[in-house]
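Quick note, the sequences are listed as chains R and U, same order.
Residue numbers for the first sequence, in the numbering used here: 1 to 169.
Residue numbers for the second sequence, in the numbering used here: 1 to 479.
Because the hints were derived from the structure by calculation, they are not lab data.
Hints may be right or wrong, so weigh each one.
Stated by the list, open to error - Mimicking EDC-like on lysine to aspartate or glutamate, the simulated pairs with C-alpha atoms at most 20 Å apart in a straight line are:
#, chain 1, residue 1, chain 2, residue 2
1, U, K344, R, D37
2, R, K130, U, D143
3, R, K36, U, E154
As the list claims (entries may be wrong) - Facing chain U, according to a computed beta carbon distance under 10 Å, are these residues of chain R, among others:
#, residue
4, P31
5, N41
6, K110
7, E122
8, R147
9, H148
10, Q149
To be verified - Just so you have them, the derived chain U footprint on chain R, three or more residues with Cβ under 8 Å:
#, stretch
11, 63–71
12, 79–87
13, 112–121
14, 134–141
15, 152–166
For each residue, glycine too, the CB sits at the ideal point set by N, CA and C.
Spelled out from the first residue to the last, the chains are:
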Amino acid sequence: MKQIKVVLLAAVMFLALAALHPIIAADASAPNFTLKDMDGNKVKLSKVLEDHELVMIDFWFLGCKPCVEYMEYFDGLEEKFGERGFKIFAINTDSSQKAGKAKPFIRGRKWAFTVLLDPTGEVRKRYQVKAEPTTFLINKDRKIVYRHQGYKKGVEKEVEKAIDENLPE
Amino acid sequence: MSALKHTFICIFCVSFVFMCTALAFPQTVFAEESDDGEADEGWTFPVLYYSGSNKMQYTNDHISDTSKFENELAVDLSWGKFDGYFRISNDLSFPSEKKSIELEKVTIRWHGPSITVTGGDFSALFGQGLALNCFEAQAIDFDNELTGGKLDIEVGPALLTILKGDFKTDEVVKKDEIEAAHLGFNIGSVANIGGSYVSVKDDRGEFMGTQEYTITGVDGTLDFKQANITGEYVEYNQDDDEAYEDGSGWIVSAAIYGREWSLYGGMYDYKHIASQFAVPATFKEHPEHGGADGNDEEGYGIKATWSPEALGSFDFNYAQANIQDGGFPYTEAVFMWTAPQMGKDSIIVEGRHFYDILGKENNAIVEWQRTLNSDYLSSVAVEYTLINDIFGIHREYTVGLGIDYNQQFSVDYEHEFAAFKIPQKNRWDKVVLKYTDPEQKYDVRLLFGSQRAGIQCLGGICQQVPEFKGYELTFNLYF
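Using the sequences and the accompanying hints, generate a full structural model.
Spelled out as structure tokens, the structure:
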């Protein structure tokens, strides 16, 4: 009985949203978030998008070998597309069990992109991330224009193509 | 009162308060903040933003003779200064188990200039996680998140978090209540100190009754340009019941780093600090090894990294732990070399040493991946493991072949072989076919074959994953 009520509740919520649609403008978009970087500074996605044309966020954790290989590759992309308004955030999803190791791990490499910390996985959940690495490209209108899960060598061409296509000339 | 009912009452109360506020002060509630933190002049009803996913999966497992259909709908919404999330699901990562569909998560938040109000289900982390660490790791079905209300207030350098909630492990068997607060101060840009208070009414079942305990603690960080230090100390005070002991725990870690290297080290000592709302940190890279007790052990660890451009990167990790009451000690040493970029090839060499209750285990692992064709993105990956444990020296290897076309179609085959039969089987083969919509709105995945049983770990939490043989068809829709 309780399960039926739950399903009904979900149906009602959806109907309510659908009914509201003509009144309240609705749009699919990337969830807004505020996370701290490794220096404790707060970074809010909507604020970043005011100054940038395209933002890439990539979810990763320590011990994820493809994640580290991928970060090794995309480190150069901010330099390549930065002048056209491109910004990268690598979001670390380690819980507090390992989060303390993330900072020296990153600092001991020469990576230039900003690392944000999501130790409770709240942002990961809101972006429906099921496995790392998962990458999103978000445009100025906060729309997700590209999504990719996993990393295999060779995927770089596709990522660069997607960045190039979604940045103004 | 069921947790579900509690959730809706919380959501209703939060919604009611803010609807009243919205009617009285619409600009305060709906207007977006400008760069200087002030609300923009003139306002209209904000746009409702949404995103979400719908996963549908059919699984047929021959080993447990289970077939099941699972569905998960997760939606994130934001509207002005409100945002929310809900998830309805009967999805379980274990192929042999089923559960009925339920409203798993509902969260609503309101963000003011210096205050955030959260109602429903939420995660929480105080300091390094010794006093409070509540989160969900869905991939391994771990969840100690709370249901209730949370208030975050930030005034200048101070951040105060107050929460009240409950946690239900089963509808009838167990329900815990928790009240907690954390106050943190930033001292300039280099230091942060904080204090935690957590009060728990732990329902230990019909026969053991309710056990009440409090956790108090202090935490701090010091952060310099090329070094940082973090630490936390907590005390666990049980109520008057003599069956339970008071406890305490501390952890401290420090790191220094240069342009191409870093060195990290830390120590901890936990005595009788068992709480299901805290997941104390350890320094293990592979928590699937060793029967240590994270709530009742002492240990230390170091991690060093060196990544010169011409030589790739080197990582070394050493961790040691002893159980306080005489359990078996645990030692781990892990070395990993990732070769520099070599055109079509990538190589990772790893050496691992473990010493735990099962004896000594030494692993040598080589992972080699080659991209065969740039148009079709074909790859070969080989992982070879040499194990020396209580069963003697034996080997295992995994071979993976993959073909991707234009990031739309992919076929992956994986063969795993273990020379030592566990208990009878020593070969596992699986194939994964995947199609991704060119606009990435949906994907379809078919897995068939067999998958080895083992311990799956995430964020220091481990679960036993049973062996699987059969097929699994998954459809993911993103919107």
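Each hint tested on the structure:
no., hint, result
1, K344(U) x D37(R), "34 Å, violated"
2, K130(R) x D143(U), "15 Å, holds"
3, K36(R) x E154(U), "14 Å, holds"
4, P31, "5 Å, holds"
5, N41, "9 Å, holds"
6, K110, "6 Å, holds"
7, E122, "6 Å, holds"
8, R147, "5 Å, holds"
9, H148, "7 Å, holds"
10, Q149, "9 Å, holds"
11, 63–71, "holds (count 4)"
12, 79–87, "violated (count 0)"
13, 112–121, "holds (count 3)"
14, 134–141, "violated (count 0)"
15, 152–166, "holds (count 6)"
Hints 1, 12 and 14 from the list above are not met by this structure, while the remaining hints are.
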